[in-house]
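Trainee: Chains F and U, in that order, give the protein sequences.
Residue numbering for the first sequence is 43 to 202, as defined by my numbering.
Residue numbering for the second sequence is 110 to 705, as defined by my numbering.
If you're looking for bench data, these hints aren't it; they were derived computationally from the structure.
Take these hints with a grain of salt, some might be off.
[To be verified] Chain U stretches covered by chain F per the calculated footprint, using a threshold of three residues with CB under 8 Å from any CB of chain F: (1) 124 to 138; (2) 346 to 354; (3) 422 to 436.
[Stated by the list, open to error] Taking beta-carbon pairs under 10 Å as the criterion, some of the chain F residues facing chain U (in silico): (4) A158; (5) Q162; (6) M171; (7) R177; (8) P180.
Every residue gets a Cβ at the ideal spot worked out from N, C-alpha and C, and that includes glycine.
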Amino acid sequence: MSIWGALAGGFVGTLVLTSALSAASEFGLTRMDLPFLLGTIVSSDRGRARVLGYAMHFAVGLLFALVYLAIFAAIDRSGWALGALFGLLHGLFAGTALVTVLLPAIHPRMGTPLSAAADQPLLEAPGFMMLNYGRRTPLATIVAHIAYGTIVGGFISFAS
Amino acid sequence: MRDAGYSPLRDYAAIGDGRTLALVSSKGSIDWLCLPDLDSPSVFGAILDAEKGGGFSLAPEPPFTVERAYLPETNALQTIFKTEVGVVRVTDAMLLPGSGLVPSRELARRVEGLSGSVPMRWRVEARFMYGSGRAELSRLGETPVARSGRDALAVSSWDAGIPVLDETSISAGFVACAGDDALIALSVAHEEPLVLPSRTEVESRLISTTAFWREWSAGRTFEGPWRDAVIRSALVLKLLIHSPSGAIAAAGTTSLPEEIGGDRNWDYRFCWVRDSALTLHALMQLGCPREGESFFWWLLHASQLTHPRLGVLYRLNGSDHAPESILPLSGYRGSGPVRIGNAAVDQEQLDIYGDLIRTAWLYVVAGGDLDSDTGRRLAEIADLICEIWRRPDCGIWEVRSQPLHFTHSKIMCWVALDGAVRLADRDLIPHAHATRWRREAEAIRAFVDERCWSEEAGCYVRSAGSSELDSSLLLGALMDYPSERDPHLSATITALRRELGSGPLLDRYSGEDGLAGTEGAFLCCSFWLADALARAGRVDEAGVLMEQLIGLANDVGLYAEEVDHQSGEFLGNMPQGLVHLALINAAVSVSKAQRR
């Protein structure tokens, strides 16, 4: 297991995850757009937000790959199947705590259930399992994260 | 038909906080409140079922008369109860959260004794889940609490008697003497623990809430006749804006009937794309760029899932899932069924594409930017219109009869393509297909002029080849549709007023719509008429009509969807966003025309 393997896996995994969600959006499965959600934390310019969001999303993808690596090292096991399991848990975490609770809490342009008349957010909150962004969003998100985990697990295992 | 237990719809005032909205009757009863959001199930629903719906009454025990008004330029309501033994003033408001730990939703009722000694009684009957959820009543310390599943509601009171709990309600009585000041606060929790506020905190939030509304109203830019009505309408719109997302609900209620005893009862707690252009226009006219931008962003985001097709309506959280179902409630004065959800979500309506692109155009004109992705999406929508405008549809009025070639739908398709060409001319959207858009726009004009014009009637008609009329054609004038036959749609305006009008009132259309029963006059159509008259240069006529229409509001300046032709009683959901939008836009048009 090596950091370089994790970083390479994180890069490729994020590439696949982002592309999968983008494809899901094009096919009308979801309105989920992670780079856009992340980018609008720092910019209200929609175009600039997307570009910045991609950079942020890749940074987060690399960070999570290092977290995977740390856990693999701690339990002294790795592999694509274990990575897929981590991806599943990662997807569930993203759909519940991360995007549903934490993102609205720190996002300056996103509404929360507590937003009232004095607030005027530019983005609606994703809601539980991001269901506000379409009924198939949980499926698309979890499948994409399983793919991410599989790739990260595979790269880490392959590089060991 | 049952009248007992129901107040006339004219008797209701609305209070809210940008998440949900309560209706307060002139008898002091809160008969409608959904929690935690406007499109959530009701906790107080007596307006839809006086027995099972639940409510929060607060009134003198002796007979009383009422005077009431909103605190100037706010959404806080003051009701003065006059009795033979004294006078009491009640201030009702939904409180806006300040800093610190606050309830997620909070409603305050302040009772001030102005003279004499007035015995008062209040009663909270919480009926969660549209009356089907059984509330468990208990005390948290000394504070009565009603709980049901994921929801809880605490009733804190100070100098308002000692609350008594029975099986279904929390109630108390007290005497309000001159100089007395009592306070009752409802604190709401949804999927979280209750937060119980102190009296000082509630009073402080009541002050800051009214201050916020005053400040917000002071920021509105309209100057001209009917300013009070325009500001009230702006405040109503602000109540209908769902702050967590930026969406705007069509109205605050579901299933208030369009005919007493009839079944034209619909859920309006959704955002309709067809209202978008009028909404953005009104917000920009009022100097509400933040609300306008928020709404536009929400609209782009919500419509992304079905792109390039648009849903007719979306939930306030952006979801497109709004299946229609019927609740086991008797309905307002026995007017069932009570529906939640809206089956119109599955209809095809061509006019909404014109509304979306017109909204984008208004956003740009107001100084907003379109990013390249949005531009691409708008261009793809314009391409779609070129393919589908020849189809029949259900039209703006969402008829449940056979789809037709509605004239208004075709005009709005022209509005869409004309807007796309204008955006392309400014390089805001890709212009590769602009020639096709121009060609199809001309084809639509030719279709409307040849197939939707009646030589016999001397005006445009409801649908291709028909002899029926439709008030939505007034929107052609409002959307700058350049008719060659009727340059300002003037003949059509005259025909609509003659055939569908009665004094200041206007029906929606003549002919079938696939539904049984009748309905009242549609108030938004009357305001569109005033707007169209002003644009056609018939300014005096427009001014007189505006005066008449302003006079049709209830005592606090609100409108429902419709007015009964004979009795003048309100019908349909309220407060109705489209009516208040139309009022604002008409007031702006008429006052501009008068200045010219």
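Trainee: Please count how many residues of the segment 124 to 138 of chain U have a CB within 8 Å of a CB from chain F and say whether that reaches 3.
Mentor: Answer holds; 4 residues pass the 8 Å Cβ test.
Trainee: So, R177/F near chain U? Judge it on the closest CB pair being under 10 Å.
Mentor: holds, 6 Å
Trainee: Tell me if the interface restraint on Q162/F is satisfied: Cβ within less than 10 Å of some Cβ in chain U.
Mentor: holds, 4 Å
Trainee: Hint check: is the beta carbon of M171/F less than 10 Å from a beta carbon of chain U?
Mentor: violated, 12 Å
Trainee: Was the hint right that P180/F lines chain U, CB cutoff 10 Å?
Mentor: At 13 Å from the nearest chain U Cβ, P180/F fails the 10 Å test, so the hint is violated.
Trainee: With a cut-off of 8 Å between beta carbons, are at least three residues of the segment 346 to 354 of chain U near chain F?
Mentor: Per the Cβ count (6), the hint holds.
Trainee: Counting residues of the segment 422 to 436 of chain U whose CB is closer than 8 Å to a CB in chain F, do you get three or more?
Mentor: With 5 residues close enough to chain F, the hint holds.
Trainee: Using Cβ atoms only, decide whether A158/F comes closer than 10 Å to chain U, and label the hint accordingly.
Mentor: Constraint on A158/F satisfied, holds at 5 Å.
Violation of the numbered hints given earlier is confined to hints 6 and 8; the remaining hints are satisfied by the structure.
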